[in-house]
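Chemist: Make the full structure from the sequences, and use the hints.
The sequence shown begins at 1 in full-length UniProt numbering and counts up one residue at a time.
Treat the hints with care, since some could be wrong.
Distance windows between CB atoms, simulated [stated by the list, open to error]:
| hint | residue 1 | residue 2 | range |
| --- | --- | --- | --- |
| 1 | T367 | K451 | 40 to 46 Å |
| 2 | T448 | T366 | 44 to 50 Å |
| 3 | T381 | V651 | 23 to 29 Å |
| 4 | T367 | E434 | 52 to 58 Å |
| 5 | E434 | P522 | 54 to 60 Å |
| 6 | E441 | G416 | 19 to 25 Å |
| 7 | E222 | S108 | 19 to 25 Å |
| 8 | V430 | W701 | 45 to 51 Å |
In the DSSO-like style, the derived pairs of lysine-lysine whose C-alpha atoms are separated by at most 30 Å in a straight line are [said to hold, decoys possible]:
| hint | residue 1 | residue 2 |
| --- | --- | --- |
| 9 | K167 | K142 |
| 10 | K160 | K211 |
| 11 | K170 | K211 |
To be clear, the hints were calculated from the coordinates, so they are not data collected in a lab. Quick reminder that beta carbons are idealized off the backbone N, C-alpha and C, glycines included.
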Amino acid sequence: MSASLEKRKKRREFAIIILALVLLGILIFVEIKAFKEIPSGEANLLAYTLLHVNALLLLVVAYLVIRNLLKIFLEGPKGKLAERLRTRIAVAFLFLALVPTIFLFLVSLKFVETSLEFWFSSNLDRSLQEALLEAQSIYQEKERELTGKADEFIKRYLKKTSRLRSKRVKEWRRRLKLDSLEIYAPSGRLIKGAYSEKPAIRFGVPPSLLKEIFENQEAASEISKFKDKVLLRVFVPASYRKQPVAVATGIFLDPGLEKLISEVGKGVETYQQLKFFKAPLKSSLLMLLLLVTLLTIFFAIWFGLKFARRLTEPVHALAQATTQIASGNFDVELPEESEDEVGQLVRAFRQMTTDLKNYRAKVEETTRALHQTNQELRKRTWYLETVLANVTAGVVALDTEDRITLINRLAAKIFGAPRGKLLGQKIWEVLPEEYQEKARELLFQARTDPKKIVQQPVPVKIKGKPLVLAVTVTLLETEEGEVLGYLCLLEDITEKERIQRLAAWREVARRIAHEVKNPLTPIQLSAQRLRKRLYDKLGPEEREILSRCTTTIEKQVEELKHLVNEFSAFARLPSLKPKEEDLVQTIREVVDLYQAGHPQIKFNFSENGPVKAIFDREQIKRVFLNLFDNAVRAMPDGGTVDIALERDNGVVRIAVADTGPGVAPELRERLFEPYFSGHGGSGLGLAIVNSIIREHGGKIWVTENKPQGAKFIIELPAQS
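Modeler: Pasting the structure below:
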């Protein structure tokens with residue numbers, strides 16, 4: 001059923017093609033003959049008929065071309081690959097035909113335009129018009145000559161005579177060299193006439209011509225024909241005996257000239273008719289060229305589609321099988337192969353399918369193993385990242401070119417840069433210049449040390465804060481002795497060293513207090529006993545010396561006792577007894593005490609109501625006693641002490657600022673170390689202050705007080 005339908009469809013398409021070719025041939029033949037043998041009126045009708053037929057055929061062929069183009073781009077066989085292949089083949093055939101066809105169309109169009117422009121050129125039109133004007137000028141010259149002779153006859157004879165005589169009229173005809181001289185009444189009656197020696201021919205005059213002459217009072221001309229003779233007459237209005245008459249002067253024209261003028265006039269008329277058909281003729285020829293072009297394109301598309309369909313059918317089956325294989329189905333079945341190239345392609349495809357199936361099994365097995373290994377590596381990496389993120393030391397790994405390959409957050413914080421920015425850079429690019437020599441020394445020692453490890457404390461300054469880092473550098477080697485790089489551990493031991501140093505100083509203070517305090521009391525008592533027993537036995541001068549010496553001994557003993565008490569206090573700070581107190585009231589008590597004892601110094605305490613916090617009242621009072629004492633010592637000639645207190649995010653911040661000489665920047669970090677003093681004190685006051693504040697979970701530091709002096713800032717937790 002489908003095969004018979006396909007055959008009928010092919011026969012119908014073939015018949016349509018033959019019919020289109022026949023119609024095209026007939027149309028071309030008719031258009032060639034149309035303007036050669038058909039009269040102008042019928043040619044006009046035929047031209048517009050052919051124009052409409054061309055337009056109709058052009059629309060039909062354009063419809064077929066567009067339909068086939070849409071069929072190429074919108075329709076297709078069952079597979080996308082086959083559709084694309086068929087489209088490409090059809091488009092290839094289309095372009096193979098399109099390029100030369102368009103080239104021929106453009107050349108033909110140019111030829112037609114050139115021919116039409118040549119046929120209807122302005123030069124030819126002008127030449128015909130000039131020829132016609134030249135012929136007409138001959139008539140006009142003859143008319144002017146005849147008009148002049150008529151005026152001469154009227155002026156010199158007709159107006160002067162009272163009676164017309166035939167003899168005189170004939171004489172005037174001969175004198176004026178005319179072939180005819182006539183006088184007509186308004187009714188058309190011939191009054192007098194004289195003619196040449198040739199046979200007399202009376203042509204008469206049309207009544208309408210006489211009427212026009214007498215109404216307009218202007219001369220008029222007429223051409224009369226008789227056998228092979230052509231007479232040109234000019235009628236001039238005049239009056240005879242106060243009656244209107246018409247004087248007609250005439251001459252015979254050369255028959256060849258009259259024929260030439262007639263043919264030129266007909267030629268101009270024919271040219272003007274053809275010129276009127278220029279636009280429809282051009283449109284008709286253009287449509288004919290378009291029709292041939294579109295038919296060529298249509299045949300190219302039609303043949304391309306037929307060829308593509310036969311070629312893509314076997315490829316379509318392979319495309320479908322490829323799609324199934326791509327989706328994972330390797331058990332695809334292909335039709336029986338032939339012995340041609342397509343059969344070889346099918347056999348190769350089957351072999352490829354079998355190989356892919358085997359490879360797929362191997363790849364799946366390998367993928368499972370790789371996935372398991374990747375999971376283990378991911379867990380180990382995550383575990384290592386977690387360990388590095390939580391260790392209390394900075395970790396930095398370097399390769400053999402001293403590039404950072406691994407760094408944890410703490411180490412990045414020490415370097416003062418994000419981890420991502422540090423990775424991949426050389427250690428010398430991120431390490432400050434003052435520490436590079438020490439780093440090179442440590443790396444060299446790690447390479448040369450038999451244990452391949454070196455550890456040293458290194459004092460550094462990070463963001464202006466001095467720290468002590470315990471740097472451990474380990475050389476990384478494989479079992480074969482290949483050097484992979486270095487592993488550096490950076491541990492902040494600043495606080496550890498501070499605690500150790502503080503403990504050592506406390507032990508020193510305890511021993512000094514124990515060794516010095518015991519003999520002080522006997523010394524003081526002995527001095528008093530000496531003064532009591534010897535004072536009355538000595539003379540006035542010796543008494544004064546004795547009194548001065550014993551007083552000096554007692555005073556120095558008191559100072560030593562005070563120093564020993566400070567040592568004891570530093571060595572054995574009492575345990576804290578915190579409870580909720582008003583911090584403002586505690587500070588106010590110390591301020592009032594110093595304000596009364598040192599009137600030369602002004603104490604300004606900014607307070608805004610009570611501030612409750614948990615602290616040891618006596619220890620905090622001791623802190624401010626030491627701070628105010630230092631301020632008073634720094635301003636012997638008077639000054640100002642400003643105390644400010646504020647609460648911020650669970651922290652109580654107290655600032656004590658004086659207007660003394662201040663503290664040099666290089667001494668600020670050592671200011672809280674034991675036995676460091678800047679103005680002759682024991683050096684334990686600020687160390688005790690620092691210890692008390694730290695015991696409360698706070699911190700203290702010193703900055704510059706602008707414009708002059710020092711400012712001590714204390715931060716205490718609101719809830720301790």
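Chemist: Now tell me, hint by hint, if it's right for this structure.
Modeler: We went through each hint and held it up to the structure:
no.: 1; hint: T367 <-> K451: 40 to 46 Å; result: 44 Å, holds
no.: 2; hint: T448 <-> T366: 44 to 50 Å; result: 46 Å, holds
no.: 3; hint: T381 <-> V651: 23 to 29 Å; result: 39 Å, violated
no.: 4; hint: T367 <-> E434: 52 to 58 Å; result: 53 Å, holds
no.: 5; hint: E434 <-> P522: 54 to 60 Å; result: 55 Å, holds
no.: 6; hint: E441 <-> G416: 19 to 25 Å; result: 22 Å, holds
no.: 7; hint: E222 <-> S108: 19 to 25 Å; result: 52 Å, violated
no.: 8; hint: V430 <-> W701: 45 to 51 Å; result: 28 Å, violated
no.: 9; hint: K167 <-> K142; result: 26 Å, holds
no.: 10; hint: K160 <-> K211; result: 25 Å, holds
no.: 11; hint: K170 <-> K211; result: 26 Å, holds
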